[in-house]
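Novice: Heads up: the sequence lines are chains A and B, in that order. Numbering-wise (this note's numbering), the first sequence opens with residue 1 and increments by one. Numbering-wise (this note's numbering), the second sequence opens with residue 210 and increments by one.
If you are wondering where the hints come from, they were derived from the structure by calculation, not from laboratory data. Model, not experiment: these values are computed from the prediction. A few of these clues could be false.
[Said to hold, decoys possible] Derived lysine to aspartate or glutamate pairs resembling EDC-like cross-links, with alpha carbons at most 16 Å apart:
(1) 261/B / 272/B
(2) 245/B / 272/B
(3) 264/B / 7/A
(4) 216/B / 242/B
(5) 216/B / 275/B
(6) 216/B / 272/B
(7) 234/B / 74/A
(8) 261/B / 242/B
(9) 261/B / 115/A
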Amino acid sequence: MKKHWYDYLWILSVLYLTLGFFNILFAWLGLFCFFIPLIISLGFGTKGYCNRYCGRGQLFGLIGGRFGLSRKQDVPRWMKSRAFRYGFLIFFMSMFLLMLWNTWLVFAGARDLREAVTLLWSFRLPWHWAYHGTILHEGIAQFAFGFYSIMLTSTVLGLLTMILFKPRSWCVYCPMGTMTQMICRAKAGPEGKAAAEKIEGKAVPGGGL
Amino acid sequence: MGEAVGKRRAIVDQSVCVACGCCVKVCPIGAIEIIKGVKARVDQTKCVGCGKCVKECPASVIEIQEVKA
């Protein structure tokens, strides 16, 4: 199959995770992974980011698929339920807000900078080697540590489910994927839904479903 | 008249589709598209029922069914 430039975006994902080991301030670049999918879904009403550009998805596809580091089993039924997907999105966003709050505390001078990366919202890993000071406020660095924690945590979770289930099973419960699908659903509205179902009905021979 | 043997086609359970687009990428004949970022749709006139999308789908929401031709 013909490869496009965007089929190599997994390299950026690897680079991002690697750079965080050397200078934590690079973690700020991860905001692209938050804003681009939102902009695409809000602006165009598509999941173009998931469908084409998501480097993380490509990375899981590569390691789990091409390199075969996956059992390639079906995800459990509950994992694809809306309850779990929305629940995980809410949990993820709450942790994100908590991270912003902790960043704010450092900005406000109420708390000292913690040079650590928290894995799976629980395990604090020393990460001081990747911090060489900043000419800006220490809060900038606190956000970087917090944001990198989120990115590393979601990568670890994704790798876990990649091994246990299908390579890209992270995509099933990825908070950004759930959020952009919600946005697209809202944008498509009942009108879009009806149109899609009409085409679907026509396209199924014998009307089976 | 219709053939005696049913044709194999990919059918998406759209209620649990996450619209990730993995099936679109893997489909060798470009028979699948994501509609409005909400769900995948298989063009039943193009689909040959090879089952690549079934294997690829992270949520395992696609299956091959025999449909009457």
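Novice: Looking back at the hints listed earlier, which ones does the structure fail to meet?
Specialist: 2, 3, 4, 7, 9
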